[in-house]
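Q: Those protein sequence lines, which keep their order, are chains A and B. Numbering-wise (my numbering), the first sequence opens with residue 487 and increments by one. Numbering-wise (my numbering), the second sequence opens with residue 487 and increments by one.
The reader is advised that the hints may include incorrect statements.
Just so you know, same-sequence chains aren't split out, so a pair can sit in one copy or run between any two.
[Unchecked claim] Distance condition first, Cα-Cα at most 20 Å in a straight line; then the derived EDC-like pairs of lysine to aspartate or glutamate:
| no. | residue 1 | residue 2 |
| --- | --- | --- |
| 1 | K653 | D676 |
| 2 | K738 | D707 |
| 3 | K730 | E762 |
| 4 | K737 | D765 |
| 5 | K730 | D707 |
| 6 | K674 | D556 |
| 7 | K535 | E791 |
| 8 | K674 | E553 |
| 9 | K738 | E762 |
| 10 | K768 | E544 |
| 11 | K814 | E659 |
| 12 | K674 | E635 |
| 13 | K730 | D765 |
| 14 | K526 | E544 |
Treat the hints as calculated values from the structure; they're not laboratory data.
2 protein chains.
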Amino acid sequence: MIKIIVDAMGGDNAPYSSVAGAVAASQKDKELYIIFTGRKAEVEAELQKHSYDKARFEIIDCPDVIEMNDNPASSVRRRQSSLMHAFELLKTDEEIQALVTAGSTGAVIVGGQLILGRIKGVRRPALCPAVPNSRGGYTLLLDCGANAECRPAMLCQFAVLGTVYAKAGFGMENPKVGLLNNGTEDHKGDTLRQETYKILSGMKGIDFVGNVEGRDIVLGDVDVVVADGFSGNIALKSMEGCGKFVLNVLKKQIKSSLISKIGYLFMRKALNGMREQLDFDKTGGALLLGLKKPVIKSHGSSKPETIANSIANAANVCRGGLVPAVEKLLAEADLAAAENFDEHN
Amino acid sequence: MIKIIVDAMGGDNAPYSSVAGAVAASQKDKELYIIFTGRKAEVEAELQKHSYDKARFEIIDCPDVIEMNDNPASSVRRRQSSLMHAFELLKTDEEIQALVTAGSTGAVIVGGQLILGRIKGVRRPALCPAVPNSRGGYTLLLDCGANAECRPAMLCQFAVLGTVYAKAGFGMENPKVGLLNNGTEDHKGDTLRQETYKILSGMKGIDFVGNVEGRDIVLGDVDVVVADGFSGNIALKSMEGCGKFVLNVLKKQIKSSLISKIGYLFMRKALNGMREQLDFDKTGGALLLGLKKPVIKSHGSSKPETIANSIANAANVCRGGLVPAVEKLLAEADLAAAENFDEHN
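So that you can see chain A by itself, here it is in the shape it has in the complex:
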């Protein structure tokens, strides 16, 4: 059995999406056991709309809900909120293996660090979405927003975290790691990139292949792309925006003439296949890597399907043994050089 705690009240479509998504996930994966945190009456009412296996669902009543605009730092004290109470239970209940929420990113990062806590040796957790790539697989991009300002040692740890996620979550045997930069030559980028490049080149346990550019994330010649949270966020949102733009343009073009509307009838399957391959939500949000247990931050606008994917992803990394693998690789990878550099600069 895999016990996953789901913040039923997180996100714009809560508790509808969280409940419907969890039910869908539990139907696909019979090992799942779902614990909701949230306003019990609301969650129960939503749950009644579905047929579900009552033996595998549980609701913990939490009267408070953290909203998207609430200050993340002060929201951590609201232990009766669905999100922070979920973190509490995740920390204290050994049987609960992971948390899924569509709540405020800032609150998730703060709660994850202050309540659940980081894996020993991890400086800062990193948000890591899986971006669909042109090989038909995924490129893991981290950090995507948890840390706007980074030091070389943090980026080097992200390389370790991403490598482990690629192995434990996606079954990649020897994931290739690239450093997001403004050119592929060795000397490219600012001081942060140049120093990180040097340290990554000598690190054990990861397969660092060098600098990569923004376009390489979707082209997918590497499996893990390491970035500071600022530029990782810019890259992710630029790609998401571009994907939406393309689908909008296509929609307009199809509607522009009768002939193209007829063509669409023939091409519907192909175009839906395209839309599916471009779906940034297919793996269900971003994993917040580096915490003592897996935490998945699903989009604020998550639909039931997104939540279901996030829960499946959480179960997947639990089965893959993500956290012990992070501990092991952190010990193996010789990060002394990185730590040393940071202390003296």
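Following the hints, complete the assembly by docking chain B onto the known chain A.
A: Using the frame of chain A, we list chain B on its own:
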């Protein structure tokens, strides 16, 4: 007459693309006068393949060619190269109004600053491509790679340069300016973004609307997006990569069945319309803003069409009076706060 100097040897497809592109541009715009720099025999041989107005073309023989891999800093001394000689002529010949090259970006930036020189008061030039957006127009994104590390005063100047380009090159009356950030809230981002936000908010002569995210570049609610050269480059290349990815997926999906192939026959026009709207090269490369005369850096892989677009864009900003407008707005915009901040931090 508008005299434009074209580095015939720059780019992967030189001199074929430069020559064919210049001929095409000159046929569309009868006011154009083209001066090529390059290996005369090669350029002439290429030119003979076209019918062109001999009275409006000139070739200056330059035996040397700067290659993509040559060190930019040392290449500036190679004054017999097609690129650096073009900069020399642009600086000394008052009649020559602009330069177009598909040569190495690094060499163009160094040559532009050391030979041609910056407009008085401009700290650093910025590379500014025009990104197609979902309104059917363009969003100007700067800097996209000339300056990996930036200070607040530089970003504030980019806001001025972008505003002027939007007016002089695209006829926008009151361009909206956004600051590329990892969220839209006022306090978002690192120290650089937070300081820049404060100064931009009080600046005269520009219409600063606040922080924007990566997705807003293609969505196009703003006209000018200001970024440091590192994250601007990441954003641009992430979008380009995503655009290519989409077209590749679409191609594969069309080929996947007979029915979708039939559908394609009906939808060809619509899909070509989409491809055209996604074309990042339609405005012809990036303008290197802040120099004493307009310099356009066309893609290294420019096709004749790209070069023709770059030349048309150069003529356009000359007619729009780009450089005097930059001088005027720089004086108007109160940059004292920005300069002051930079000096004391």
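Q: Which numbered conditions among the earlier hints are violated in the structure presented, ordered from lowest to highest?
A: Numbers 1, 10 - these are the hints that the structure violates, sorted from lowest upward.
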